Amino acid sequence: MLPTAASRPSAITTGPDGALWFTEFGGKIGRITTQGSITEFPIKGDGILHSITAGPDGALWVTEFTSKKIGRIPTTATAENLELIEFTLPGSPAPFGITTGPDGALWFTEGIGGKIGRITTTGVVTEFTIPAAKSGEIAAGPDGALWFTYVRGKIGRITTTGAVTEFTIPPENSSAGGITTGPDGALWFTESVSGKIGRITTDGKISEFALPNPHAQPWGITTGPDGALWFTEASCIREPGSRCIVGNKIGRITTTGLVTEFTIPSDGSGPHSITTGPDGALWFTEYYGSRVGRLVLP
0 MLPTAASRPS AITTGPDGAL WFTEFGGKIG RITTQGSITE FPIKGDGILH
50 SITAGPDGAL WVTEFTSKKI GRIPTTATAE NLELIEFTLP GSPAPFGITT
100 GPDGALWFTE GIGGKIGRIT TTGVVTEFTI PAAKSGEIAA GPDGALWFTY
150 VRGKIGRITT TGAVTEFTIP PENSSAGGIT TGPDGALWFT ESVSGKIGRI
200 TTDGKISEFA LPNPHAQPWG ITTGPDGALW FTEASCIREP GSRCIVGNKI
250 GRITTTGLVT EFTIPSDGSG PHSITTGPDG ALWFTEYYGS RVGRLVLP
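Using numbering that gives the first Met the number 0, the final residue of the sequence shown is 297, and nothing's skipped along the way.
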């Protein structure tokens, strides 16, 4: 359990200092060592934090969704001195996903603004207009471009010069969530509404793999150290008096589509984001359980 009650941890990433860093809904950044020691860093204001990633400069970069800012936190931060630097974005962008690009800058999606943003490590911001608003998570692809999800049934690709291509997922209401580069040179993504894991090649060919239950609500996804994709199942469907019988699991899918699921001990935890830790385990956030979980590979 995290020190702050109802902290609702969201995104998680491995930091350059060998610890895991995560965002909390209540306006804090968390850090957890592989031994389980937790530190929380409060952000001034009442903004909602979303994604976090390790930057090319050895710092952590975070999207401040409601404050319309991108934040930078060095690994030397302490609870008394966060050393946070914030960069205010133009307009009303609602920054959401963020990742390090192949050009040494940070790239982020704008959940409302209908743009993809780029910010250098010195804070210079460039924005590129995309055909539709409500973009979600973003990942650097193996082709030197950035790939991102849309809330409504599309995967986007943007080059470092701003050229955008879109690919429609059938059906169009599939609601793509997380996205990551797979070990096979393709991009893998979650479809929370349709209960599927998707795969898209760099030339736009899409394959889909249905989960055992269509109501599992897969969200976060990452490549594991075992050459498979690992993902969270955020839903919790119960029968009267029962634990979750659907969702509340960590899933594993091979590049050939074989799915295995692992139930989380805490009932109704709401697993959200997942990443491979420096210790070779899978680390994930439990949004409703206010915990950070660790799954050791068999």
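Hints listed in this document are in silico derivations from the structure and should not be mistaken for laboratory results.
Treat the hints with caution; some may be incorrect.
What the hints assert, rightly or not - Label-pair restraints from in silico Cβ distances:
#, residue 1, residue 2, range
1, Ala5, Thr164, 36 to 44 Å
2, Ile244, Pro130, 36 to 44 Å
3, Thr119, Glu79, 40 to 48 Å
4, Thr77, Pro130, 22 to 30 Å
Predicted model, so just to flag it, every value in this text is computed and none were measured.
The beta-carbon is built from N, C-alpha and C at its ideal position, and this holds for glycine as well.
Going down the list of hints, with the structure as the test:
no.: 1; hint: Ala5 x Thr164: 36 to 44 Å; in the structure: 41 Å, holds
no.: 2; hint: Ile244 x Pro130: 36 to 44 Å; in the structure: 40 Å, holds
no.: 3; hint: Thr119 x Glu79: 40 to 48 Å; in the structure: 29 Å, violated
no.: 4; hint: Thr77 x Pro130: 22 to 30 Å; in the structure: 44 Å, violated
Comparing the model with each earlier hint shows violations of hints 3 and 4; every other hint is respected.
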